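Throughout the sequence shown, residue numbering follows UniProt numbering, covering 1 to 428 in sequence.
Worth double-checking, as some hints may not be accurate.
SDA-like mimics (lysine to any residue), calculated; alpha carbons at most 25 angstroms apart, straight line [said to hold, decoys possible]: (1) LYS182 - THR195; (2) LYS151 - GLN340; (3) LYS169 - SER60; (4) LYS151 - LYS171; (5) LYS320 - LYS169.
Honestly, the hints are just simulated from the structure, not real lab data.
Given the structure is predicted, the values throughout are model-derived calculations rather than measurements.
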Amino acid sequence: MEAKLEVGILGFGTVGSGVIHILEEHAEKISQMTGYQVSVKTVLVRDLEKNRRYETKGFSLTTEPSDILDDPAISVVVEVMGSIEPAREYVLQALKAGKHVVTANKDLIALHGDELIAVAQANQCDLFYEASVAGGIPILRTIVNGLAADKIQKVMGIVNGTTNFMLTKMKTEKRDYEDVLKEAQDLGFAESDPTNDVDGIDAARKMVILTRLAFGMNVDLADVDTVGIRGIAPRDMEVAEQLKYVIKLVGTAEEKNGSVAVSVGPVLLPKYHPMAGVNNENNAVFVTGAAAGETMYYGPGAGELPTATSVVSDIITVAKNSKLGTNGNAFNSYKHDTKQTVPEEIFSKYYLRIVMDDKTGTFLKLTQIFAEAGVGFDKILQEPLDEFTATVVVVTHVTSKAQLEQAIEKVKLEPQMQVEAKYQVVEG
1 MEAKLEVGIL GFGTVGSGVI HILEEHAEKI SQMTGYQVSV KTVLVRDLEK NRRYETKGFS
61 LTTEPSDILD DPAISVVVEV MGSIEPAREY VLQALKAGKH VVTANKDLIA LHGDELIAVA
121 QANQCDLFYE ASVAGGIPIL RTIVNGLAAD KIQKVMGIVN GTTNFMLTKM KTEKRDYEDV
181 LKEAQDLGFA ESDPTNDVDG IDAARKMVIL TRLAFGMNVD LADVDTVGIR GIAPRDMEVA
241 EQLKYVIKLV GTAEEKNGSV AVSVGPVLLP KYHPMAGVNN ENNAVFVTGA AAGETMYYGP
301 GAGELPTATS VVSDIITVAK NSKLGTNGNA FNSYKHDTKQ TVPEEIFSKY YLRIVMDDKT
361 GTFLKLTQIF AEAGVGFDKI LQEPLDEFTA TVVVVTHVTS KAQLEQAIEK VKLEPQMQVE
421 AKYQVVEG
(Lines of atoms letter the chains of each structure in order from A and count residues from 1; the text may use other names and numbers.)
(Lines give C-alpha, C1' and ligand atoms only; values in the text may rest on other atoms or scores of the structure.)
Protein backbone atom coordinates (compact mmCIF):
# COMPACT_ATOMS: atom_id res chain seq x y z
CA MET A 1 0.00 0.00 0.00
CA GLU A 2 1.26 3.45 -0.95
CA ALA A 3 2.49 5.63 1.92
CA LYS A 4 0.50 8.78 2.75
CA LEU A 5 1.94 12.27 3.11
CA GLU A 6 -0.60 14.51 4.83
CA VAL A 7 -0.61 18.26 4.41
CA GLY A 8 -2.05 21.05 6.55
CA ILE A 9 -2.77 24.41 4.93
CA LEU A 10 -2.77 27.72 6.78
CA GLY A 11 -5.14 29.89 4.75
CA PHE A 12 -7.92 29.09 2.30
CA GLY A 13 -7.76 32.15 0.04
CA THR A 14 -6.86 32.25 -3.63
CA VAL A 15 -3.54 30.39 -3.38
CA GLY A 16 -4.72 27.90 -0.75
CA SER A 17 -7.69 26.99 -2.95
CA GLY A 18 -5.37 26.59 -5.92
CA VAL A 19 -3.05 24.25 -4.01
CA ILE A 20 -5.97 21.96 -3.12
CA HIS A 21 -7.22 22.04 -6.72
CA ILE A 22 -3.80 21.09 -8.18
CA LEU A 23 -3.16 18.34 -5.61
CA GLU A 24 -6.51 16.79 -6.56
CA GLU A 25 -6.17 17.27 -10.33
CA HIS A 26 -2.61 15.94 -10.52
CA ALA A 27 -2.82 13.32 -7.77
CA GLU A 28 -1.74 10.40 -9.96
CA LYS A 29 1.26 12.22 -11.44
CA ILE A 30 2.37 13.43 -7.99
CA SER A 31 2.01 9.92 -6.62
CA GLN A 32 4.18 8.45 -9.39
CA MET A 33 6.84 11.13 -8.94
CA THR A 34 7.07 10.92 -5.15
CA GLY A 35 5.92 7.45 -4.13
CA TYR A 36 3.44 9.08 -1.74
CA GLN A 37 -0.29 9.64 -1.80
CA VAL A 38 -0.16 13.38 -1.04
CA SER A 39 -3.41 14.67 0.45
CA VAL A 40 -4.70 17.66 2.39
CA LYS A 41 -5.97 16.77 5.87
CA THR A 42 -6.84 20.10 7.50
CA VAL A 43 -7.17 23.74 6.38
CA LEU A 44 -7.05 26.73 8.74
CA VAL A 45 -9.72 29.36 7.98
CA ARG A 46 -10.99 32.50 9.67
CA ASP A 47 -14.67 31.72 9.14
CA LEU A 48 -16.16 28.21 8.95
CA GLU A 49 -19.44 29.48 7.47
CA LYS A 50 -18.01 31.33 4.47
CA ASN A 51 -19.09 30.10 1.02
CA ARG A 52 -16.15 28.70 -0.94
CA ARG A 53 -15.62 27.80 -4.58
CA TYR A 54 -14.14 24.39 -3.81
CA GLU A 55 -15.98 21.72 -1.90
CA THR A 56 -14.32 20.66 1.32
CA LYS A 57 -14.21 17.00 0.40
CA GLY A 58 -11.59 14.74 1.95
CA PHE A 59 -10.32 17.37 4.40
CA SER A 60 -11.64 19.34 7.35
CA LEU A 61 -11.73 23.07 8.10
CA THR A 62 -10.68 24.53 11.42
CA THR A 63 -10.27 27.92 13.06
CA GLU A 64 -7.72 26.47 15.52
CA PRO A 65 -4.05 26.56 14.34
CA SER A 66 -3.25 23.79 16.85
CA ASP A 67 -5.39 21.36 14.83
CA ILE A 68 -2.64 21.53 12.21
CA LEU A 69 0.48 22.46 14.18
CA ASP A 70 -0.05 19.79 16.89
CA ASP A 71 -1.34 17.00 14.64
CA PRO A 72 1.36 14.28 14.41
CA ALA A 73 -0.24 12.92 11.22
CA ILE A 74 0.48 16.17 9.34
CA SER A 75 4.08 16.27 8.12
CA VAL A 76 3.94 19.25 5.73
CA VAL A 77 2.50 22.68 6.57
CA VAL A 78 1.70 25.08 3.73
CA GLU A 79 1.55 28.74 4.81
CA VAL A 80 -0.48 30.90 2.41
CA MET A 81 -2.02 33.32 4.91
CA GLY A 82 0.04 36.36 3.96
CA SER A 83 1.18 39.09 6.38
CA ILE A 84 4.03 38.54 8.84
CA GLU A 85 2.29 37.80 12.12
CA PRO A 86 0.87 35.35 13.06
CA ALA A 87 2.36 33.56 10.00
CA ARG A 88 5.89 33.74 11.45
CA GLU A 89 4.75 32.33 14.79
CA TYR A 90 2.90 29.43 13.09
CA VAL A 91 5.83 28.60 10.79
CA LEU A 92 8.23 28.54 13.76
CA GLN A 93 5.85 26.27 15.69
CA ALA A 94 5.56 23.92 12.73
CA LEU A 95 9.34 23.69 12.24
CA LYS A 96 9.97 23.13 15.94
CA ALA A 97 7.37 20.35 15.84
CA GLY A 98 9.40 18.67 13.09
CA LYS A 99 7.05 19.59 10.24
CA HIS A 100 8.30 20.68 6.82
CA VAL A 101 7.08 24.09 5.67
CA VAL A 102 6.23 25.49 2.24
CA THR A 103 5.35 29.19 2.08
CA ALA A 104 4.40 31.74 -0.56
CA ASN A 105 5.02 34.62 1.87
CA LYS A 106 7.71 36.91 0.44
CA ASP A 107 7.40 39.44 3.30
CA LEU A 108 8.07 36.71 5.84
CA ILE A 109 11.05 35.28 3.94
CA ALA A 110 12.56 38.69 3.12
CA LEU A 111 12.38 39.93 6.72
CA HIS A 112 12.78 36.71 8.76
CA GLY A 113 14.30 34.21 6.33
CA ASP A 114 17.57 33.81 8.25
CA GLU A 115 15.79 32.95 11.48
CA LEU A 116 13.40 30.49 9.83
CA ILE A 117 16.15 28.76 7.82
CA ALA A 118 18.23 28.28 10.99
CA VAL A 119 15.27 26.77 12.88
CA ALA A 120 14.45 24.50 9.91
CA GLN A 121 18.00 23.15 9.78
CA ALA A 122 18.15 22.69 13.56
CA ASN A 123 15.04 20.51 13.34
CA GLN A 124 16.04 18.63 10.15
CA CYS A 125 13.08 20.15 8.30
CA ASP A 126 12.64 21.45 4.77
CA LEU A 127 11.67 25.09 4.29
CA PHE A 128 10.82 26.03 0.69
CA TYR A 129 9.48 29.31 -0.71
CA GLU A 130 9.56 29.15 -4.52
CA ALA A 131 6.16 30.90 -4.75
CA SER A 132 7.40 33.96 -2.82
CA VAL A 133 8.95 35.55 -5.92
CA ALA A 134 7.36 35.92 -9.38
CA GLY A 135 4.36 33.63 -8.80
CA GLY A 136 4.37 30.91 -11.44
CA ILE A 137 7.96 31.42 -12.66
CA PRO A 138 10.27 28.82 -11.05
CA ILE A 139 13.05 31.39 -10.71
CA LEU A 140 14.39 30.52 -7.24
CA ARG A 141 14.88 26.86 -8.07
CA THR A 142 16.42 27.85 -11.41
CA ILE A 143 19.00 30.02 -9.63
CA VAL A 144 19.71 27.41 -6.94
CA ASN A 145 19.79 24.34 -9.21
CA GLY A 146 19.75 25.21 -12.92
CA LEU A 147 22.43 27.91 -12.62
CA ALA A 148 24.35 26.33 -9.73
CA ALA A 149 27.47 25.82 -11.87
CA ASP A 150 27.53 29.42 -13.07
CA LYS A 151 28.77 32.57 -11.39
CA ILE A 152 25.81 34.93 -11.48
CA GLN A 153 26.86 38.51 -12.09
CA LYS A 154 23.53 40.35 -12.26
CA VAL A 155 19.82 39.74 -11.67
CA MET A 156 17.24 42.18 -13.05
CA GLY A 157 13.55 41.65 -12.53
CA ILE A 158 10.10 43.02 -13.22
CA VAL A 159 8.74 41.36 -10.09
CA ASN A 160 5.63 43.38 -9.25
CA GLY A 161 2.61 42.75 -11.45
CA THR A 162 0.53 45.69 -10.16
CA THR A 163 3.05 48.37 -11.16
CA ASN A 164 3.82 46.64 -14.45
CA PHE A 165 0.10 46.65 -15.28
CA MET A 166 -0.08 50.36 -14.43
CA LEU A 167 3.01 51.32 -16.44
CA THR A 168 1.72 49.34 -19.43
CA LYS A 169 -1.55 51.30 -19.29
CA MET A 170 0.28 54.63 -18.87
CA LYS A 171 2.38 53.90 -21.94
CA THR A 172 -0.15 52.34 -24.32
CA GLU A 173 -3.18 54.46 -23.39
CA LYS A 174 -1.30 57.67 -22.52
CA ARG A 175 -3.03 57.99 -19.14
CA ASP A 176 -1.66 59.45 -15.93
CA TYR A 177 -0.70 57.67 -12.71
CA GLU A 178 -3.83 58.43 -10.66
CA ASP A 179 -6.12 57.28 -13.46
CA VAL A 180 -4.45 53.90 -13.97
CA LEU A 181 -4.11 53.36 -10.21
CA LYS A 182 -7.89 53.63 -9.87
CA GLU A 183 -8.37 51.06 -12.66
CA ALA A 184 -5.82 48.70 -11.04
CA GLN A 185 -7.75 48.99 -7.75
CA ASP A 186 -11.11 48.41 -9.47
CA LEU A 187 -9.73 45.25 -11.13
CA GLY A 188 -8.27 43.94 -7.86
CA PHE A 189 -4.62 44.26 -8.96
CA ALA A 190 -3.92 47.03 -6.45
CA GLU A 191 -4.97 47.19 -2.79
CA SER A 192 -7.03 50.09 -1.42
CA ASP A 193 -3.73 51.16 0.19
CA PRO A 194 -1.32 50.57 -2.74
CA THR A 195 1.82 51.74 -0.90
CA ASN A 196 3.70 48.42 -0.92
CA ASP A 197 3.29 48.08 -4.68
CA VAL A 198 3.59 51.62 -6.00
CA ASP A 199 6.45 52.65 -3.67
CA GLY A 200 8.54 49.62 -4.68
CA ILE A 201 8.47 47.91 -1.25
CA ASP A 202 7.00 44.64 -2.55
CA ALA A 203 9.62 44.49 -5.32
CA ALA A 204 12.40 45.33 -2.85
CA ARG A 205 11.42 42.40 -0.60
CA LYS A 206 11.57 40.06 -3.58
CA MET A 207 15.00 41.43 -4.53
CA VAL A 208 16.23 40.67 -0.98
CA ILE A 209 15.24 37.02 -1.58
CA LEU A 210 16.77 36.90 -5.07
CA THR A 211 20.00 38.46 -3.77
CA ARG A 212 20.22 35.86 -1.00
CA LEU A 213 19.91 33.01 -3.49
CA ALA A 214 21.96 34.44 -6.38
CA PHE A 215 24.86 35.85 -4.38
CA GLY A 216 24.61 34.24 -0.94
CA MET A 217 24.34 37.69 0.67
CA ASN A 218 21.75 38.74 3.25
CA VAL A 219 20.88 42.31 2.37
CA ASP A 220 18.59 44.26 4.72
CA LEU A 221 15.51 45.84 3.19
CA ALA A 222 16.84 49.21 4.36
CA ASP A 223 19.92 48.70 2.16
CA VAL A 224 17.86 48.36 -1.03
CA ASP A 225 17.84 51.73 -2.82
CA THR A 226 14.07 51.87 -3.43
CA VAL A 227 12.03 54.29 -5.55
CA GLY A 228 8.45 53.68 -6.67
CA ILE A 229 6.39 54.82 -9.66
CA ARG A 230 4.40 57.70 -8.13
CA GLY A 231 6.68 60.33 -9.67
CA ILE A 232 6.44 59.07 -13.27
CA ALA A 233 4.69 61.72 -15.36
CA PRO A 234 3.11 61.35 -18.83
CA ARG A 235 5.99 63.54 -20.06
CA ASP A 236 8.50 60.88 -18.93
CA MET A 237 6.60 58.26 -20.92
CA GLU A 238 6.57 60.50 -24.01
CA VAL A 239 10.29 61.28 -23.84
CA ALA A 240 11.17 57.62 -23.25
CA GLU A 241 9.14 56.71 -26.35
CA GLN A 242 10.86 59.45 -28.35
CA LEU A 243 14.29 58.15 -27.30
CA LYS A 244 13.23 54.53 -28.06
CA TYR A 245 13.06 53.41 -24.43
CA VAL A 246 10.33 51.86 -22.28
CA ILE A 247 9.94 52.71 -18.57
CA LYS A 248 9.58 49.71 -16.24
CA LEU A 249 9.86 49.27 -12.46
CA VAL A 250 12.94 47.07 -12.26
CA GLY A 251 14.71 45.43 -9.33
CA THR A 252 18.45 45.00 -9.85
CA ALA A 253 21.07 43.09 -7.87
CA GLU A 254 24.59 43.27 -9.25
CA GLU A 255 27.77 41.74 -7.85
CA LYS A 256 31.09 43.54 -8.21
CA ASN A 257 34.38 42.52 -6.58
CA GLY A 258 32.67 40.58 -3.78
CA SER A 259 30.12 43.30 -3.04
CA VAL A 260 26.52 43.72 -4.17
CA ALA A 261 24.35 46.69 -5.10
CA VAL A 262 20.59 46.15 -4.85
CA SER A 263 18.04 48.68 -6.07
CA VAL A 264 14.42 49.02 -7.16
CA GLY A 265 13.20 51.89 -9.28
CA PRO A 266 11.90 53.08 -12.63
CA VAL A 267 14.39 52.18 -15.36
CA LEU A 268 14.53 53.14 -19.03
CA LEU A 269 15.00 49.92 -21.02
CA PRO A 270 15.88 50.00 -24.74
CA LYS A 271 12.85 48.88 -26.76
CA TYR A 272 14.72 45.83 -28.03
CA HIS A 273 15.62 44.63 -24.51
CA PRO A 274 13.79 41.34 -23.72
CA MET A 275 12.19 42.86 -20.60
CA ALA A 276 10.83 45.89 -22.49
CA GLY A 277 8.05 43.73 -23.96
CA VAL A 278 6.92 42.30 -20.60
CA ASN A 279 3.50 43.89 -20.20
CA ASN A 280 0.42 44.00 -17.99
CA GLU A 281 0.63 41.89 -14.80
CA ASN A 282 3.36 39.59 -16.13
CA ASN A 283 6.76 39.25 -14.47
CA ALA A 284 10.21 38.49 -15.83
CA VAL A 285 13.63 37.86 -14.31
CA PHE A 286 16.73 38.47 -16.45
CA VAL A 287 19.89 36.75 -15.21
CA THR A 288 23.44 37.40 -16.41
CA GLY A 289 25.92 34.61 -15.69
CA ALA A 290 29.64 34.44 -16.43
CA ALA A 291 29.21 31.16 -18.34
CA ALA A 292 25.58 31.02 -19.52
CA GLY A 293 25.42 34.69 -20.47
CA GLU A 294 21.98 36.30 -20.52
CA THR A 295 18.84 34.23 -19.81
CA MET A 296 15.30 35.40 -19.10
CA TYR A 297 12.43 33.72 -17.25
CA TYR A 298 8.97 35.05 -18.04
CA GLY A 299 5.43 34.34 -16.91
CA PRO A 300 2.51 35.27 -14.66
CA GLY A 301 3.70 36.95 -11.48
CA ALA A 302 0.63 36.11 -9.45
CA GLY A 303 -2.74 34.42 -9.67
CA GLU A 304 -4.35 31.37 -8.13
CA LEU A 305 -3.00 28.52 -10.24
CA PRO A 306 0.41 29.93 -11.29
CA THR A 307 1.36 30.63 -7.65
CA ALA A 308 -0.21 27.37 -6.43
CA THR A 309 1.85 25.46 -9.03
CA SER A 310 5.04 26.77 -7.40
CA VAL A 311 3.72 25.80 -3.94
CA VAL A 312 2.86 22.25 -5.08
CA SER A 313 6.29 21.90 -6.74
CA ASP A 314 7.81 22.61 -3.33
CA ILE A 315 5.51 20.01 -1.70
CA ILE A 316 6.72 17.48 -4.30
CA THR A 317 10.34 18.29 -3.42
CA VAL A 318 9.57 17.76 0.28
CA ALA A 319 8.00 14.39 -0.58
CA LYS A 320 11.01 13.32 -2.67
CA ASN A 321 13.39 14.37 0.12
CA SER A 322 11.29 12.40 2.63
CA LYS A 323 11.49 9.29 0.46
CA LEU A 324 15.29 9.66 0.16
CA GLY A 325 15.81 10.70 3.79
CA THR A 326 17.45 13.98 2.74
CA ASN A 327 15.20 16.50 4.51
CA GLY A 328 16.74 19.40 6.39
CA ASN A 329 19.16 20.73 3.79
CA ALA A 330 18.75 24.45 3.17
CA PHE A 331 16.93 25.51 0.01
CA ASN A 332 20.14 27.37 -0.74
CA SER A 333 23.37 26.66 1.11
CA TYR A 334 25.48 29.22 -0.78
CA LYS A 335 26.70 31.92 1.60
CA HIS A 336 29.04 34.85 1.12
CA ASP A 337 30.02 37.74 3.38
CA THR A 338 27.51 40.54 2.79
CA LYS A 339 29.17 43.69 1.52
CA GLN A 340 27.49 46.73 -0.08
CA THR A 341 29.01 48.18 -3.24
CA VAL A 342 30.05 51.78 -2.57
CA PRO A 343 28.40 54.52 -4.70
CA GLU A 344 31.75 55.27 -6.37
CA GLU A 345 31.68 51.79 -7.96
CA ILE A 346 28.04 51.75 -9.13
CA PHE A 347 27.94 52.90 -12.76
CA SER A 348 25.00 53.65 -15.04
CA LYS A 349 23.48 56.11 -17.43
CA TYR A 350 20.72 58.22 -15.88
CA TYR A 351 17.60 60.01 -17.08
CA LEU A 352 16.88 63.34 -15.34
CA ARG A 353 13.85 65.61 -15.74
CA ILE A 354 14.63 69.07 -14.43
CA VAL A 355 12.32 72.09 -14.18
CA MET A 356 14.12 75.44 -14.25
CA ASP A 357 13.56 79.16 -14.70
CA ASP A 358 13.50 79.93 -18.41
CA LYS A 359 16.02 82.74 -18.43
CA THR A 360 19.53 83.37 -19.71
CA GLY A 361 22.31 81.67 -17.79
CA THR A 362 20.22 79.06 -15.95
CA PHE A 363 21.03 76.21 -18.33
CA LEU A 364 24.70 77.22 -18.35
CA LYS A 365 24.69 77.01 -14.54
CA LEU A 366 23.20 73.50 -14.76
CA THR A 367 25.87 72.28 -17.17
CA GLN A 368 28.61 73.76 -14.97
CA ILE A 369 27.28 71.91 -11.88
CA PHE A 370 27.29 68.58 -13.70
CA ALA A 371 30.68 69.22 -15.36
CA GLU A 372 32.24 69.95 -11.95
CA ALA A 373 30.91 66.58 -10.71
CA GLY A 374 32.36 64.85 -13.78
CA VAL A 375 28.95 64.00 -15.27
CA GLY A 376 28.63 64.35 -19.05
CA PHE A 377 25.41 64.67 -21.06
CA ASP A 378 24.59 62.19 -23.81
CA LYS A 379 21.20 63.63 -24.82
CA ILE A 380 19.45 66.91 -23.97
CA LEU A 381 15.84 67.91 -24.67
CA GLN A 382 14.49 71.32 -23.66
CA GLU A 383 11.02 72.81 -24.07
CA PRO A 384 9.03 75.62 -22.41
CA LEU A 385 6.70 74.52 -19.62
CA ASP A 386 4.97 77.87 -19.34
CA GLU A 387 5.88 81.55 -19.74
CA PHE A 388 8.50 81.46 -17.01
CA THR A 389 9.79 77.89 -16.73
CA ALA A 390 11.22 75.20 -18.96
CA THR A 391 11.55 71.43 -18.68
CA VAL A 392 14.97 70.01 -19.46
CA VAL A 393 15.40 66.27 -19.94
CA VAL A 394 18.94 64.93 -19.78
CA VAL A 395 20.34 61.46 -20.40
CA THR A 396 23.84 61.33 -18.93
CA HIS A 397 26.86 59.42 -20.12
CA VAL A 398 27.79 56.43 -17.94
CA THR A 399 28.66 57.89 -14.55
CA SER A 400 29.07 56.74 -10.97
CA LYS A 401 26.18 57.00 -8.55
CA ALA A 402 28.46 59.10 -6.29
CA GLN A 403 29.14 61.66 -9.04
CA LEU A 404 25.48 61.93 -9.93
CA GLU A 405 24.45 62.39 -6.28
CA GLN A 406 27.11 65.08 -5.89
CA ALA A 407 25.66 66.98 -8.87
CA ILE A 408 22.07 66.62 -7.68
CA GLU A 409 22.96 67.89 -4.20
CA LYS A 410 24.43 71.03 -5.82
CA VAL A 411 21.29 71.47 -7.97
CA LYS A 412 19.17 71.38 -4.79
CA LEU A 413 21.03 74.49 -3.60
CA GLU A 414 19.92 76.45 -6.69
CA PRO A 415 16.44 77.99 -6.21
CA GLN A 416 15.92 78.38 -9.98
CA MET A 417 16.15 74.64 -10.78
CA GLN A 418 14.66 71.41 -9.42
CA VAL A 419 15.22 67.73 -10.28
CA GLU A 420 11.75 66.16 -10.57
CA ALA A 421 12.72 62.69 -11.85
CA LYS A 422 15.86 60.55 -11.73
CA TYR A 423 15.83 57.09 -13.31
CA GLN A 424 18.50 54.63 -14.39
CA VAL A 425 18.99 53.97 -18.11
CA VAL A 426 20.00 50.48 -19.25
CA GLU A 427 22.38 50.48 -22.18
CA GLY A 428 21.91 48.14 -25.09
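Cross-check of the supplied hints:
1. LYS182 - THR195: holds, 13 angstroms
2. LYS151 - GLN340: The hint holds at about 18 angstroms.
3. LYS169 - SER60: Cα-Cα ~43 angstroms, so violated.
4. LYS151 - LYS171: violated, 36 angstroms
5. LYS320 - LYS169: violated, 43 angstroms
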